[in-house]
Each structure stands twice: as structure tokens, then as C-alpha cells.
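Residue numbers (this note's numbering), protein chains in the order written: chain A, 1 to 324; chain B, 1 to 324; chain C, 1 to 335; chain D, 1 to 335.
A hint or two may mislead.
As the list claims (entries may be wrong) - Just so you have them, the derived chain C footprint on chain D, three or more residues with Cβ under 8 Å: (1) 160 to 166; (2) 186 to 197; (3) 208 to 222.
What the hints assert, rightly or not - Partial selection, computed: residues in chain A whose CB lies under 7 Å from chain D: (4) P58; (5) S60; (6) M62; (7) V69; (8) G75; (9) H98; (10) T111; (11) P142; (12) G143; (13) N167.
Since the hints were derived computationally from the structure, they do not count as laboratory data. The C-beta atom is built at its ideal place from N, Cα and C for all residues, glycine as well.
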Amino acid sequence: MSKNLSMRDALRSALHEEMLRDDRVFIMGEEVGRWNGTHKVTRGFFDEFGPERVRDTPISEMAIGGVAVGAAMAGLRPVAEMMTINFALLAFDAIINHAAKIHYMFNGQFTVPLVIRAATGWGNQATATHSHTPEPIWAHFPGLIVGCPSNAYDAKGMLKAAIRDDNPVLFTEVIALYPKPSQIPDDEYIIPIGKSDVKRQGDDVTLVAYGRGVEWALEAANILAKEDIQAEVIDVRWLRPLDMSAVLESFKKTNRCVIVEESLPMYSFGSEIAAQLQEAAFDYMDAPIKRVTAMDVPLPFAREIELMALPNASKVVKAVKEVL
Amino acid sequence: MSKNLSMRDALRSALHEEMLRDDRVFIMGEEVGRWNGTHKVTRGFFDEFGPERVRDTPISEMAIGGVAVGAAMAGLRPVAEMMTINFALLAFDAIINHAAKIHYMFNGQFTVPLVIRAATGWGNQATATHSHTPEPIWAHFPGLIVGCPSNAYDAKGMLKAAIRDDNPVLFTEVIALYPKPSQIPDDEYIIPIGKSDVKRQGDDVTLVAYGRGVEWALEAANILAKEDIQAEVIDVRWLRPLDMSAVLESFKKTNRCVIVEESLPMYSFGSEIAAQLQEAAFDYMDAPIKRVTAMDVPLPFAREIELMALPNASKVVKAVKEVL
Amino acid sequence: MATKTESLTKETLLDWYRELVLVRKFEDQCHHQYFEEKDPARKITGVYLHLASGSEATHVGAVKALGKDDHVITAYRDHGIAIARGTDPKRVMAEMFGKRTGTSGGKGGSMHLADRSVNFWGGYAIVGGHIPLGVGIALKEKYTKTKNAVLCFIGDGALNNGYFHEAANMAQIWRLPIVFLVENNFVGMGTRIEESSGQTQPTKRAIGYGMKEGPSIDGQNILEVYNTVKAELDWARENGPVLMEAKTYRFEGHGVSDKLYDSRDDLKAELSVWEKRDPINVLRAHLESSFKNLDKDLAKIDAETTQAVQEALDFAIASPAPDYNDLISHVYVGM
Amino acid sequence: MATKTESLTKETLLDWYRELVLVRKFEDQCHHQYFEEKDPARKITGVYLHLASGSEATHVGAVKALGKDDHVITAYRDHGIAIARGTDPKRVMAEMFGKRTGTSGGKGGSMHLADRSVNFWGGYAIVGGHIPLGVGIALKEKYTKTKNAVLCFIGDGALNNGYFHEAANMAQIWRLPIVFLVENNFVGMGTRIEESSGQTQPTKRAIGYGMKEGPSIDGQNILEVYNTVKAELDWARENGPVLMEAKTYRFEGHGVSDKLYDSRDDLKAELSVWEKRDPINVLRAHLESSFKNLDKDLAKIDAETTQAVQEALDFAIASPAPDYNDLISHVYVGM
Ligand SMILES: Cc1ncc(C[n+]2csc(CCOP(=O)(O)OP(=O)(O)O)c2C)c(N)n1
Ligand SMILES: Cc1ncc(C[n+]2csc(CCOP(=O)(O)OP(=O)(O)O)c2C)c(N)n1
Ligand SMILES: [Mg+2]
Ligand SMILES: [Mg+2]
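Bound-form chain A, shown alone:
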């Protein structure tokens, strides 16, 4: 049996199940409780679980990060919400220098079973300060797990895996995907950390993406299919640990690759994928690997020009044609 749920509700159901399953799991963050969550992922939780397990915090990102780390070390399993990944920049030190280092630095004495949830993505006129999609930046650092689902089904299984994992996880959720539905089985399922997924099969070109990039890649694949070009679409799902196996396998078949990401171009997702691919599969490269990314500018408010800066399916199609 299954239900059609938006990604918002799929995430909500993952959180809800984990809250019921394990009372060490609790939620903290700005507006998660009485306000029902900025993105309504925690709707109803405050009433159901009460203020001890659904904790509204002040506007204190450093402390949200750091207090959650301490609580996790001490044996709880916090799910800390950063509202948006933009505000997590204020918790950079708490997450990178504390959450991600403590297990190693103290030689395994402590674990940090923490999930930091944060909405990510842009294209909604949120402007330069509120339009970051910096997952690759966070994934630069060992000790942290970084995941970003591309659809409601994955979102539920990935979030459950994140909550059950004993490592700190940065879990970002693309705002534009919140309303989009998948069929969600009633039975519990988990999508393991560090496993990529083939979202569409094809022999002509490999499209590698995560998060919203997967949507653009799939759209592009549909357009290309009309011209009899079959694209294989790989959703890496987790930027760290990064599973390149499906990408490599696909590339060895297609010999061509376009990487699609919502992030900025430099020192980013596409950079790493392209670098790894050319190194691991040099003999299979029939064309340069291309990247479709946001434009390399701070993001502006005005809708017309913001949209110019955003990746989309036709940009992907164009890039694919360049490598064929």
C-alpha cells in the first residue's frame, strides 16, 4: 500500500515515525514548534510531542548548532533545523569544527548522532543572501555526511537513514521540491547513506546530478528522448560519502557526461565529479565533461534576471548536444 505525498509530507512522516520510534530523537530550531515550522515540515508536532521534544529556539544559529552537538554527544539524537542553509553559514564552525571533528579528535570516545536539516535552493527571488545552495562546500570536509534528496520518496528514506546514523549529517531540502509528490509506501523503508541511484537508464550520455539538478536532468532526458538520444540520469543523493560507482559504470557505457547542479560553478559539485571521472575513466572519455550550473554571480531579486542565472532543462539539452 502507498500514499501520494508531497516531499514536505514525506519528510514530515519520516520525522514523525522516528520521533515515535525513539524518544531520544527531538527537534530544535527556529519556528519549528508553535509556528509549525517555516516550511511546515513539523506541522502539528508541537501539539503532539510537546515543548520538550519540539523546541523553539531563539535566532541563534551558532548555539543551535553547538547545543545540538553537545546533546548528541551526551546521547540524544537531535534533529536541528536551520530554517534555510543560508543561516547555517552562521553555524559553520559549530558544524565543521565541532560536529564533524569530535569523533575523530577524541579518538572515537564521543559520537555525534546529529541531523542538521536545512532548506536549500533558489529561484524564488530570495536574493543574494538567501539563495545559497552550498552543499558542495560543506561536503569538502571529512567527518560530515551531506545528503540532498531529489524527490519525496528518496527524501523520506534518506532522512530516516540520517536520523539513525551515528554520524553528523547535513540534510538539505530543496524548497522548490517541497510541494512535489511521490508514491510513498506505507511500509517503512530506508535509503542507505552513500548510495547513488540511477533515475533513468540510457546509453548515449550520462547526466550526473543531485537535488533539483535531477529534475532538470530528467526533463532534459525527456526532451532528448524525442530526438532519440537516451540519457542515463544518476542521482548521487549523498555528496559525502560520494558514491561514484554508478556514475563510472554509466560513463564507461556512454563515454559522455554532463553534470547538472543548482550551485555556483567554481570549486563545486561539478568540479569534483568531472575531476574524478576524467581520472578514473580517462580511457572512456569521448568528449569533454560539461557542467550546467548557476551563473557565477550573487543572485539578484528581479525575476527576469534571476531566471537567466538558473540552470534549466534546455541548458542541459544544449550541453548534451555539445558533447555528442
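Given the coordinates of chain A, work out where chains B, C and D with the ligands should sit on it, guided by the hints.
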């Protein structure tokens, strides 16, 4: 006429000249004044310029970043010292969401002529929290300039360029290079922002690096020369804006490339260089592009194992032999 | 209120009244163009829009207390501050629509208004982020030995952010000329001050920095706001920072995606109490008790402000959108 | 000091005395192995090493006030805290040398000691970074409805960091069982408290959070430290956070690369005043005024502590260094 100066003293002389030239230039940061600077780059400045122009701050990285941004917008030219880049993680928002965005976001009404100096690098048992070399992470973001000199001569000219530029600059200085000397001309010179430099010529392989990576690359080149392998060494100097012209030109000649960096491997410097190269010079690639980086772990205290994690010349030599 | 009050002319008070009404109508128009308007070409779009209806006396009164060479900086609830500081409402409205004629060329949006020409240093959308910027501007004034001061608005919610703490302390050790004006509307998004702040009397936070604990005033009364802020600015010019508070309210909820008043009965009840202290009515009552025969003046203000907002709207809608060249310009100076 | 004092036995006091002396000798030995030792195999290396000589009464006294199930967390000046909490000095010394037998397996170094088995949650090298961690541990205790409390040491310099502000406020709104103990040695690196803090009386900062303003005590007197911290921990268990201060000093400068006392005459002068209030001498004077015929006890302590430090050193030097497998393990749990 010239003098032999350590990088520390070359930087000091750049700062000193700019302080004398332009009284809008001032220094702020932890221990920059009465303590003469953690790394002694500002030795004697407090006595010479006084507490208005050499401002000791509290341990408040967010405010050091943010106050410097405000002062820069208002017409001063702050040189804010972050002591080490590790602590700049606490100023991530101030630098990325404010310094780097304000000129764009307000459509050019304000400029932010700010230099953030920060010591970088590791290999001194400074441990996981104090061993970051995250220049590539910062350079992900448009609006910011990111530079990191590889020697005393460049350091002086680059820092002067940074101070005179009207954009925010993150200027990192490798601690291990502070004592190393160059001949520094008595006459003023400037090394322009966004210009890479060929540090050694060679026809067999291109080594691309910045900061301390250049030292390892040059060492490796000397070792290789004994076996009649001539490496060309390119110091990109500025990670943003990134000047790929010399790299491309060299690669078109050598058809082989190894990238050397002190940073972590993933989503990093080498990723971007490799990705750009394979795209722009696909037809010239005779071998996969290799990367020599730090190991993908938090850095440990114990000397023996820390050194294992550090790049070095022999790792570079080994990588070069793999691509020949 | 201990502060000696300036004697204010009828003209001045009517002028302020005009501004309060103008800002209110401006906010109402934004509300209309965002929610009611159907024609896409006439619609305000985007995920963020924070109206300040209810707080006009705090915004206008404090800004009027500034000298020409003084400075003001604030968060994202910034429309009224721009208008009060003298930025043409046309350009403010154009920014709401993301037009090239907007104060930020359409690139900043409603949260990032700014007007360098009147020393309005901007609205900022990262909570707390603008506070050290204000301190930096004050540092410049002290460094160059002027007597200009900075007015820095701070939300009650923003007080709990590390930016406030670090910047306030730095302002104090350097004795910088800045007035931190806590715009206390008792809530940040949906979190009440008692839920977010161990210390619910904002001015008491000054003690933690050895800073002057400034007055706590009625932010609905523009006379009180003006007189107090003016006095504190003058104090700050000579002595260093002050932390003061204006008690006010936001009538429209946090932002456009806000369903607050649907979901929290306590806040709904609170709102209805505050609506009785509408800053426009407070000033109107003062005017009517001080002067006779205002009807014609007030009617004129009513007509003029309606027209000004209409003109602003027309201007905004008629203005061109930015283009590709705008998208890629101003990433760097001189590149 | 208003706190009711426990009556302490001679045994207890001699035990504390032993610890003060042990910690001092431990620090002196570290100093020796870092600066004087010539044999590379016997040398402490690395760029950071922060000794706490002079602050032993604050460290040992406060830690002794903890119950077995209480918790302690601190910054990088952490050797004495580990030892006082019961971690074997051998393992502490081994960590100084980066040995596999060290408290952190040689991976943390002197700044990152920790011993989970005695609820010592670590030293942390990012100034302020450990404060929210301590608050998080206190949250766990409240969440699970124990009456255990957390002791969180904070340097005077760290008070100016955003971490302190945000974490203190959060601890207060949630009424968490934590004692923030400001270890006020009047300086952070080379910056004096008057130069860095608008508020130079640390406990006054509590007012900004509506928090209990705890006592300000003599950190050189272990009895006063013990009694006060114990009382405040008990208060915190029932009521929520407290901010208190122990005035103390560091005799050795900030860290090993420190040339402070060469360069600042004011601090050199201050040091010589504080040296007269050596915590070991303070307790010794108390012991001698309270009990007779201590010579044998004290001589025994002297010999035993010398031996303990020597054993720790021998152990550390004889211990194996971590290897490649250690380098790559514990990056993740279970991977
Ligand atoms: C650092 C940061 N965290 C969170 C947010 C989301 N946010 C925007 S406004 C706001 C509430 C601010 O409240 P307050 O400072 O009282 O200002 P008010 O909206 O009441 O004017 C929050 C949490 C943000 N913009 N920046
Ligand atoms: C965030 C951060 N900024 C700067 C430093 C460098 N630093 C290390 S210790 C220290 C001084 C801390 O002073 P205080 O808190 O008083 O502790 P004390 O050394 O006196 O025990 C500084 C500035 C750091 N480690 N972390
Ligand atoms: Mg508010
Ligand atoms: Mg101190």
C-alpha cells in the same frame, strides 16, 4: 637595490608602506597591536601608528568581519586580521553574505575595499580544528577575491594589490612560509589581482599549485629534472578570479598535468582545475589529470601520522610518473 | 520620559503626520499588489516581503531625529525607513517590483533597500548581520573625527544573535557614536520575546557591555520617539554607544508567507490591543488636541499621500526590468 | 563569601594539596619537555601547549565540587582539569606526546584532552566553541530528568564571543542545569580584560540573559572555589544556569609560543603580584594554620607527586605512536 626578507617581513613591509601611503588604511584584529601580531607581521605597528590605526579587538570574529565591512563601506580601507583562517569560519557569514554581496546587492552603491588577512596551512601539529586550508571553499563564492602567495616576493606585491583594490579580498598566508626569504626590491611593485605566474618552465608536465603547493611542486620539479623530466610549475596565486591562461598554455604543450594543494581533496582546488582543463583542453589530454592533496581526514596531532597526511614533493613525483 | 522635548511647530507635526500616512499607504499598496493584484505585470512577486504597518512612529520618528550627515541602517523591515530618510517612494516601490529604477536597481528587493545619497546604508536580510556594519560606519566617523552618529535598528529577536553581542561590545570598548534602537515588537516571526530571550527588558542587555542603558519608550508616539532618539544620538556623538528600546508592534504579521494570526490566538488577541494604539491615530489625537481647524490640512495630506503612492506604483510598473547586463554587473568593482 | 562551607577533613585537604602539587609539577614537566629537552624522542612538540600553572585551585577545586555523574567541559587549558577529574596522568602526558595511549589516542593533543569515562567532555581549541556543547550536555540531563549538572569553564576572553551569548541565553530560556564558571585571569593571549570587554565584571553579564548572577570568588583559594562551585551546582540542578567568576592568573603566559612577559611590562608587574598568591601556598598556609605536624605528610606528597609525574613521563615516552590505521580511523562511526 633589494633586500633579503622573510615572507613575514615582506608582508610587514607591504602593510607598512600602505599604512604610510594612505591613512584610510588601518589594521584590526586579535593581538595585532600590543602583542605585535600572532605571527609578528604587524610587529612595531602599535607603537608607530597608535591604537586608532592598529586596533586590538576582542575574540569576536563575527564582529571583526562585520565591523570591517561597515568601515570599508563608509570609506576606510580596513586590513582585518583573522589570526588564522580557522577562526574565519566564525566570520563566514560576514564575509560571504555581507562583504562579498553588498556591492552587487545594492547595485554598486557601496564598495567594500576590505582585506581579510588570515594565516593558513598545517603540518605543525595544530590538530583538526586548527589545520584548515579552505581557500577553495571561500573561492566558491562570487564577489570575493581570494589570494594566497607562495613566497615572500609575491606576498608583498599581492598584499599591496589587495589593499589598493576596491573589492573584498581574503588574503591567506601559509604559516610554514612566513620565515622563508626572497629578494625584495626596494622599489615599490604590485602584483596584479587575478594573474597567475609561471614559476618554472618545462615541456614534459604541467604542475599547477598555489601557496605551499608551489614549494612542493618546485621541489618535485628539481627531483624530476635529475631524471630529465622537465616540469612546468604554474602558481595560480589567486583562486578567484582564477586565471587559467598560463595553465592552459602550458598544458597544450605538455599534455599532462598534476595539481598540488595543501587542502583536502574533495570539492576543492584540484577539482576545479582538473574540471576546467579537461573541458578547455580535451584534445590535448594525453593522460588523466592527477591531484596531490591532503588526505581526506581531519588532521591529527601526532607528528608521525600528521606527516603521512601531508602532501610532499615525493608524492608529487610519484603522481607525475603516473601520468607520463 | 525625562528627555527635554523640542518645541515642535504645527508644520513639523503635520509633516510627520504626512509621512506616517504615506508609509502606511505604501505598505497597504504593497500588500494589495502582492495579494490582490491579478495582472502579472502589476504584481509584486517573490517569497519575501515584510511590512511595517504599526511601527511607523518608531521608524519615522527615529529617522527624523537624524542629522543630515548621520547614518541609519536596519534589517529587512525597511520600507518606511527609506521613505522617512528621504528616498523617493517611486524608487522604493520600483525596488519592490525588481525594477531597474529601484533603489538597488531591482537586484536587492524589498529586504535590501539602500540609498547612499541620504546615508541610508541599507536593509539587510540576515538577522543581526547589519549590526556590526553599523558599528563599522560609526568607527569610520570616530576615526575621521566627525561628530556624526549612527542609528542602528535592531529587532527584539535579533538580540539573541552572536552578531549583536560581539558588535555591541566592540562599539563599547571603542566608544563609538551609535544608538542601538531595539524595535521591540515582542516577536520574531512567531516566537515571543519571553520564549526567545532570558532577559525580556532589552535595555538591560546594555549592562553586559558596560554600555549606557538608554530609555525604554513608547514607539507608537512619534514625539516621544523623536525626542528621545535625538537626545541619545547627541549623547552617543560625545560619549559612545547607547542601547534603547521602542515598544511597538507589527500589524501585518511577519512576512507575506506568514499565517501567524491564523495560528496563534494569543498573538491575535495581542494584535487587537495594539491596533488601538495605531501610531497614526496617536499623532492625530495629539495634533487635534494641540491645534484647531485641521480638517483641511488632514484632507490635503490624505489626498496627497494617496496620490504619491499611486504615482510610485505607476512609476514602478512602467519602469524597465533589469537585463542580462545588470545580472552580470557589480559582481566586482572594476571587473 | 555567603556560602555555607562544608567542614573538610584533613585527609580531604591533603588530598587536594596533593592534586595542586601534582598538577603544578605536571605543567612544569611539560614546560621542561617542550623547552629544555634536547632528545627528540623525549620532546613535546607542536605549535600549541597552554599551561595552567597558577590556576590550579580554580581547576581542581571546581572539579572536586562535581558529583560522579556531573559533567565538566572546558577550553584548551585543560591538563589540570583532566587530572583533577581522575584521568590517569600517564594518559594525559601520553597525549602531550601524541601517543596512542593518550586520552585521545594522540589525535587530539594537549588542547583536546577528554575522558568519557569520568564525564570529562573535553578541552576545545576554538574559543567559545565548547560553551554550547556544555549547554547541550545540560539539555540532555534535563531532557532525561536527572539532577546532574554541568560545569563549563569559560575564559574571560571567550565571553566576548557570540558562542557565549547565544548559548547562555539558550541555557537560560530552557533553565538548564549548568554553571558557567568564568576563569578570569584578566587576559586572553595578550589582551587585558579592560581592553577587550566593555563590562569588566564578568558576572554582570548574567543580567543580559536574566540569569542568576553568581558569586565572584578568589580562584586562588581552593576552599572557596570548592564550596562556592558546589553550592552553585546544587542551585543549578534545581533552577537553571548560573554565571560565576573565579579570579585567578596564569603564571606561564598564554602558550608556548608566547613572549608576553618579554613585551608587556604591565603584565610582568601584574604577574609578580599574583605569584604571591600561588594557590599551592594559599592552601599550604591554610593547612599549616589548621593542623599541626604536617611535615611528614607534605614531604610524602612531594615525593609521591614527583614520582607520579616521572612515571607519567616514562609511560608517555615508552608508549607507541599512532600509525596509519589510527590516521584513517574514527573519521566516521561505522565506516
Ligand atoms: C541569521 C538568520 N536567521 C534566521 C532568519 C529568518 N528570520 C527572518 S526574520 C526573523 C525574525 C526576526 O525577528 P526580529 O529581530 O524581532 O524582527 P521583526 O521581524 O520582529 O521586525 C527570522 C528568524 C534570518 N533571516 N537570518
Ligand atoms: C575562535 C577563536 N579565535 C581566536 C583563537 C586564538 N586564541 C586562542 S586562546 C585565545 C585567548 C583566550 O583567552 P581566554 O578566553 O581569556 O582564555 P585563557 O587563555 O586566558 O585561559 C585566543 C584569542 C581561537 N583559538 N579561537
Ligand atoms: Mg521582533
Ligand atoms: Mg583569560
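Consistency of the hints with the structure:
no.	hint	result
1	160 to 166	holds (count 7)
2	186 to 197	holds (count 3)
3	208 to 222	holds (count 4)
4	P58	6 Å, holds
5	S60	4 Å, holds
6	M62	5 Å, holds
7	V69	6 Å, holds
8	G75	6 Å, holds
9	H98	6 Å, holds
10	T111	5 Å, holds
11	P142	5 Å, holds
12	G143	6 Å, holds
13	N167	5 Å, holds
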